[in-house]
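S.K.: Sequence:
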Amino acid sequence: MATVYLGHEIIRCGRDLILIQSATGNVAVCKGETKDIPLGYVADTLDWYCKQDNEEDLEHQDAPNENPFNRIVIKRHAEGRRADVFFYFDVEQEKP
98 MATVYLGHEI
108 IRCGRDLILI
118 QSATGNVAVC
128 KGETKDIPLG
138 YVADTLDWYC
148 KQDNEEDLEH
158 QDAPNENPFN
168 RIVIKRHAEG
178 RRADVFFYFD
188 VEQEKP
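With our numbering, letter number 9 in the sequence shown gets 106, and the count goes up by one each step, no holes.
Please keep in mind that the hints were generated in silico from the structure rather than gathered at the bench.
Be careful, since some hints might not be right.
Below are the SDA-like pairs computed for lysine to any residue, each with C-alpha atoms no more than 20 Å apart in a straight line [unchecked claim]:
id, residue 1, residue 2
1, LYS148, ILE117
2, LYS132, GLN149
3, LYS172, ILE134
4, LYS132, TYR146
5, LYS148, ARG109
6, LYS172, SER119
Fair warning: this is a prediction, and the values are worked out from it, not measured in the lab.
Input sequences plus hints: build the corresponding full structure.
M.R.: Here is the structure:
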């Protein structure tokens with residue numbers, strides 16, 4: 098499999114969790130965590146949610162990218178207000 102880097106975006110969330118929707122369900126990213134998330138689908142905008150851990154209220158946000166992507170790496174800073182999102186496209190390669 099070849100992986101192509103497509104760009105970077107800064108997102109902001111002052112609550113406990115950032116939730117990313119993947120084909121297998123929501124992935125929670127806590128303060129100070131880094132996660133590699135295969136989405137299971139191709140998108141050109143990342144839909145994500147900012148959530149307080151013990152509350153039902155979700156704040157919907159999005160992060161567009163110029164190119165379609167199917168995997169992200171999100172690195173959330175320890176203080177939690179900022180996260181760096183790196184967009185990738187995983188390409189299946191045929192075997193000769």
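S.K.: Compare the structure with each hint and give your call.
M.R.: So, going through the hints one by one against the coordinates:
1. LYS148 with ILE117: Satisfied, since the Cα-Cα distance of roughly 11 Å is no more than 20 Å.
2. LYS132 with GLN149: Given that 20 Å is the threshold and the Cα spacing comes to 19 Å, the pair holds.
3. LYS172 with ILE134: Judged against 20 Å, a Cα distance of about 11 Å means the pair holds.
4. LYS132 with TYR146: 15 Å, holds
5. LYS148 with ARG109: 12 Å, holds
6. LYS172 with SER119: Holds, because 17 Å separates the two Cα atoms, which is no more than 20 Å.
Violated hints for the displayed structure: none, as all numbered hints are satisfied.
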